[in-house]
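Letter by letter, the chains look like this.
Protein chains: 2
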Amino acid sequence: MPNAKYDVVGIGNAIVDVLAHAEDSFLKSHGLVKGTMSLINSQAADKLYEEIEPTLECSGGSAANSIAALAVLGGRGAFIGKVCDDKLGAIFRKDIAALGIVFNSTPSRYSASTARCLILVTPDAQRTMQTYLGACVELGPDDIDENLIADSHITYLEGYLWDPPKAKEAFVKAAVVARKAGRKVALSLSDPLCVARHRDDFIDLVDNHVDILFANEAEITSLYQVSNFDAALQKVRGHCEIAALTRSAKGAVLISGDEVHVLDAEPLEKVVDTTGAGDAYAAGFFYGLVNGKSIYDCGRIGAIAAAEVIGHFGARPEVSLAKLVAKKLG
Amino acid sequence: MPNAKYDVVGIGNAIVDVLAHAEDSFLKSHGLVKGTMSLINSQAADKLYEEIEPTLECSGGSAANSIAALAVLGGRGAFIGKVCDDKLGAIFRKDIAALGIVFNSTPSRYSASTARCLILVTPDAQRTMQTYLGACVELGPDDIDENLIADSHITYLEGYLWDPPKAKEAFVKAAVVARKAGRKVALSLSDPLCVARHRDDFIDLVDNHVDILFANEAEITSLYQVSNFDAALQKVRGHCEIAALTRSAKGAVLISGDEVHVLDAEPLEKVVDTTGAGDAYAAGFFYGLVNGKSIYDCGRIGAIAAAEVIGHFGARPEVSLAKLVAKKLG
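Sequence order for the protein chains is F and Z. Residue 330 is where the first sequence ends in the numbering used here, and the numbering goes up by one at each step. Residue 1330 is where the second sequence ends in the numbering used here, and the numbering goes up by one at each step.
Honestly, I wouldn't trust all of these hints.
In silico DSBU-like pairs for lysine-lysine, Cα to Cα no more than 35 Å straight-line [stated by the list, open to error]:
hint, chain 1, residue 1, chain 2, residue 2
1, Z, Lys1250, F, Lys34
2, F, Lys34, F, Lys47
3, Z, Lys1327, F, Lys34
4, F, Lys28, Z, Lys1034
5, F, Lys323, Z, Lys1250
6, F, Lys34, Z, Lys1235
7, F, Lys270, Z, Lys1180
8, F, Lys270, Z, Lys1327
9, F, Lys34, Z, Lys1034
10, F, Lys327, Z, Lys1328
11, Z, Lys1166, F, Lys235
12, F, Lys327, Z, Lys1028
13, Z, Lys1323, F, Lys270
14, Z, Lys1028, F, Lys293
15, Z, Lys1328, Z, Lys1028
16, F, Lys235, Z, Lys1028
17, Z, Lys1173, F, Lys250
18, Z, Lys1328, F, Lys328
19, F, Lys328, Z, Lys1327
20, Z, Lys1034, F, Lys235
21, Z, Lys1323, F, Lys28
22, Z, Lys1270, Z, Lys1327
23, Z, Lys1323, F, Lys327
24, F, Lys5, F, Lys293
In short, the hints are calculated from the structure, not lab data. In this text the structure is predicted, and so the values were computed from the model without any measurement.
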């Protein structure tokens, strides 16, 4: 890859995570679909917040988690996202800065507070998320720092960003700037319900703007409305340069041009909380890519990073991923 | 496919199976490697036979099992193999004829008796096989009925056939005749230890004689001496028209020209005995191929047939596979 000041610039919802344990019956009584993310308004967020017992509050957001994990791996990251000038916004900004990540987006000038994601972790380690987008809805094309995009090997867009109405334009603007600068554009499909909300837009993005696609099995089968993984695999081939299709315990299938790689899952020491697993996977994959690793090794680094995050509560790595990867890759 | 009198002609060791339950400790005390096949002489076969309590004696042999399963599916099969003119040989011949399979190979004129395979099934449903090849070692090029080969869509060769010394010539002769007649040649790698015994020959076969390759994960990684499945997948691509790489509970990966398909395992109602699972898989795959099914459906039919055989003791189907496949494929 040609030189760049940053490895990856992430564009996403700037969110503070509120994690709590929950039983399956709690999900059921609140009409929540396990493993997915739904959007709620501030009243619903306040109401739900009162019903749960938070065990952890920390900076989150899908693309922001990826950039954080990349930083822990030793990569150079930047982030574009919208917080409010409030207490949660300050927490988000402080956590990002502590990792050496560049984050210069102008805070929201409006009344909406910094976004929160209430994450309910069931005993099976699955996470079910309820997000109040708050200040995130203000993100628009003006927030896209064109120099930052052009200075980054990869511009990484989270699919969740398609939910706030003005962010779509920011999204496409960033992709066009990145491509014009000879850089790569990556997209995570984020969530099967998110895919269902924006299916046609996502298919258009994959076909016309995206070089590197991340999707899990539920997301990619939702994108192409097919009933099995292989059918989705056949659909996505040829539509982007790289597709990393993750399958939880079934491992991952990686497409890179004509190549197809079938990887097993990394052994998991323990499964505590899957929040942030996909985000860490993307980070590891990027770290491999910008360091010239094979596609197979990119997938393994992604899976090693994801396994670390799954092993504890919370979406961001707790150990030196760089050392862990060096040890496991051998 | 152009017209042919037979769907598949199998060439393999004509063996009578002797099945018995065994504990892992029994394998260990006899120095047997679980899941593999070893060759023994008649004295060792007699000795081991005395130590076990057979629960089932029936016609077996890898390619013969496949042709039997194909017949149960409704396919038209023929078999080439060497029995002795003895009691076990008569059993083998009777079972084959009962399924409507053409089997005209001349019986051995020498003293060696019909081959036996002592199959030890451990509580985990794995089978460990000890084979006395007996009359099988007489199979040679003269046994290859060229008209039968030319009259069959597919000539199917079991890798085990590389063990009896004269069979190699028969093997290559059949492959050349089949190709000359515009037919397809298929090979099963049979067993990781068999692959280790004949690695260079098998690589040459795959490169120069084989259109359709069947291998499980242990066999294909042994063939290319690589440490993970994906590395083997990369090695085999481009070396034969179709490769069906089976992975037990991890499903299968199918290569067909530029296509790569990733299939999940069929749900198993019960796991009783894996003897014959790979043979039934090949039969199902062939049945799909000669009936113009997609590669994906060929793999599913193979997996459905294998799942049936795994669900009971013994290597051959016990129900109407044709009905089962029709029901499950929908």
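Evaluation of the provided hints:
1. Lys1250(Z) / Lys34(F): holds, 25 Å
2. Lys34(F) / Lys47(F): holds, 19 Å
3. Lys1327(Z) / Lys34(F): Cα-Cα ~31 Å, so holds.
4. Lys28(F) / Lys1034(Z): Not satisfied, since the Cα-Cα distance of roughly 46 Å exceeds 35 Å.
5. Lys323(F) / Lys1250(Z): Roughly 30 Å separates the two Cα atoms, so the pair holds.
6. Lys34(F) / Lys1235(Z): violated, 40 Å
7. Lys270(F) / Lys1180(Z): violated, 57 Å
8. Lys270(F) / Lys1327(Z): violated, 39 Å
9. Lys34(F) / Lys1034(Z): violated, 41 Å
10. Lys327(F) / Lys1328(Z): Violated. Lys327(F) to Lys1328(Z) sits at ~45 Å, over the 35 Å cutoff.
11. Lys1166(Z) / Lys235(F): violated, 48 Å
12. Lys327(F) / Lys1028(Z): holds, 34 Å
13. Lys1323(Z) / Lys270(F): violated, 43 Å
14. Lys1028(Z) / Lys293(F): violated, 42 Å
15. Lys1328(Z) / Lys1028(Z): violated, 39 Å
16. Lys235(F) / Lys1028(Z): Violated, at roughly 48 Å.
17. Lys1173(Z) / Lys250(F): Roughly 41 Å between the alpha carbons, so the hint for Lys1173(Z) and Lys250(F) is violated.
18. Lys1328(Z) / Lys328(F): Outside the cut-off at roughly 41 Å; violated.
19. Lys328(F) / Lys1327(Z): Distance ~45 Å between Lys328(F) and Lys1327(Z) Cα, so the pair is violated.
20. Lys1034(Z) / Lys235(F): The hint is violated at about 40 Å.
21. Lys1323(Z) / Lys28(F): Violated. Lys1323(Z) to Lys28(F) sits at ~39 Å, over the 35 Å cutoff.
22. Lys1270(Z) / Lys1327(Z): With Cα atoms ~18 Å apart, Lys1270(Z) and Lys1327(Z) stay inside 35 Å; holds.
23. Lys1323(Z) / Lys327(F): Since the Cα atoms of Lys1323(Z) and Lys327(F) sit roughly 51 Å apart, the hinted pair is violated (cutoff 35 Å).
24. Lys5(F) / Lys293(F): Given that 35 Å is the threshold and the Cα spacing comes to 19 Å, the pair holds.
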